[in-house]
Amino acid sequence: DTGVSQDPRHKITKRGQNVTFRCDPISEHNRLYWYRQTLGQGPEFLTYFQNEAQLEKSRLLSDRFSAERPKGSFSTLEIQRTEQGDSAMYLCASSLGGTMNTEAFFGQGTRLTVV
Amino acid sequence: QKEVEQNSGPLSVPEGAIASLNCTYSDRGSQSFFWYRQYSGKSPELIMFIYSNGDKEDGRFTAQLNKASQYVSLLIRDSQPSDSATYLCAVKRNRDDKIIFGKGTRLHILP
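Protein chains in written order, with my numbering: chain A, -12 to 102; chain B, 5 to 115.
If you are wondering where the hints come from, they were derived from the structure by calculation, not from laboratory data.
Accuracy of the hints is not assured; some may be wrong.
[Unchecked claim] DSBU-like mimics (lysine-lysine), calculated; alpha carbons at most 35 Å apart, straight line:
(1) B:Lys71 <-> A:Lys1
(2) B:Lys46 <-> B:Lys6
(3) A:Lys(-2) <-> B:Lys107
(4) A:Lys(-2) <-> B:Lys46
(5) A:Lys1 <-> A:Lys44
(6) B:Lys6 <-> A:Lys44
(7) B:Lys107 <-> A:Lys44
(8) B:Lys60 <-> B:Lys102
(9) A:Lys58 <-> A:Lys44
(10) A:Lys44 <-> B:Lys102
(11) B:Lys102 <-> B:Lys71
(12) B:Lys46 <-> A:Lys44
(13) B:Lys6 <-> B:Lys102
(14) B:Lys46 <-> A:Lys1
(15) A:Lys58 <-> B:Lys102
(16) A:Lys1 <-> A:Lys58
(17) B:Lys102 <-> A:Lys(-2)
(18) B:Lys71 <-> B:Lys46
(19) A:Lys1 <-> B:Lys107
(20) B:Lys6 <-> A:Lys(-2)
(21) A:Lys44 <-> B:Lys71
(22) A:Lys58 <-> B:Lys46
Here chain A stands alone, though its shape is the one from the complex (with noise of 0.2 Å):
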């Protein structure tokens, strides 16, 4: 296992045009989630699951934003009617839940450009 896969790695897209991002987690790992960082900011929370279960959406993200993760195994995160202040890294994370103390693993992420 290569550890968590984001694609694409970029992306430039039009205001208003809708993008699809991929994440695939370690494969044992059943927690997957989102966040999405912005120039000197930490990784802020977007969403995140157990399994094909979502169990939260920040409330900071529009109804633009959605996400997905059908079999429990890879995830989509889909943004319609792209902004410029969408223009961030958007990355994934997995670990295991379940368990207390386990640590979260990123992958590369995917940057975000809407111009």
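Place chain B on chain A using the hints.
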């Protein structure tokens, strides 16, 4: 009050000295604490985790946890220029496994 707070820095430390990075958290029920290092343009990389009060050492790194004071720190001994990065403190809440990050502290090791 933010859930996880860090001084954003930059913190400048001479090469070979000890760098001390601090973090406080607000959720008293948190049980798991992590330090990630992030180089510019890269994703966070886990360098230390700590679950029990006291010190935990791993090579040049020592994590310290004081749950009564809701305080976590990271010490880097014999600082190297390659340690220059942003260090992110993360806290996993016991009640829901949600992992919350601080804004990070930028560390600059002066050669």
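Hint consistency between Lys1 of chain A and Lys107 of chain B [alpha-carbon to alpha-carbon, up to 35 Å]: holds, 29 Å
Is it true that the CA of Lys1 of chain A sits at most 35 Å from the CA of Lys58 of chain A? Holds: Lys1 of chain A and Lys58 of chain A sit about 31 Å apart, inside 35 Å.
Satisfaction of hint between Lys102 of chain B and Lys60 of chain B, Cα-Cα up to 35 Å: At roughly 23 Å apart (the allowed maximum being 35 Å), Lys102 of chain B and Lys60 of chain B satisfy the hint.
Verify the proposed pairing of Lys1 of chain A with Lys44 of chain A, using a straight-line Cα cut of 35 Å. holds, 25 Å
Holds or violated: Lys102 of chain B to Lys71 of chain B, with C-alpha atoms at most 35 Å apart: holds, 18 Å
Taking only the CA atoms, is the gap from Lys46 of chain B to Lys6 of chain B under or equal to 35 Å? Since the Cα atoms of Lys46 of chain B and Lys6 of chain B sit roughly 25 Å apart, the hinted pair holds (cutoff 35 Å).
Check the hint pairing Lys46 of chain B with Lys44 of chain A against an upper bound of 35 Å on the C-alpha distance. Holds, at about 25 Å.
Quickly compare the C-alpha distance for Lys107 of chain B and Lys44 of chain A to 35 Å and report which way the hint goes. Measuring from Cα to Cα gives roughly 20 Å; hence the hint holds.
So if I understand the rule, the pair passes when the alpha-carbon distance is 35 Å or less; does Lys44 of chain A with Lys102 of chain B pass? Status holds; Cα separation ~11 Å.
Measure nothing beyond the straight line between the CA atoms of Lys(-2) of chain A and Lys107 of chain B; if it is 35 Å or shorter, mark the hint as holding. holds, 24 Å
Restraint check for Lys71 of chain B with Lys46 of chain B, where alpha carbons must lie at most 35 Å apart: holds, 31 Å
Restraint check for Lys6 of chain B with Lys102 of chain B, where alpha carbons must lie at most 35 Å apart: holds, 15 Å
When held up to the earlier numbered hints, the structure conflicts with hint 1 and nothing else.
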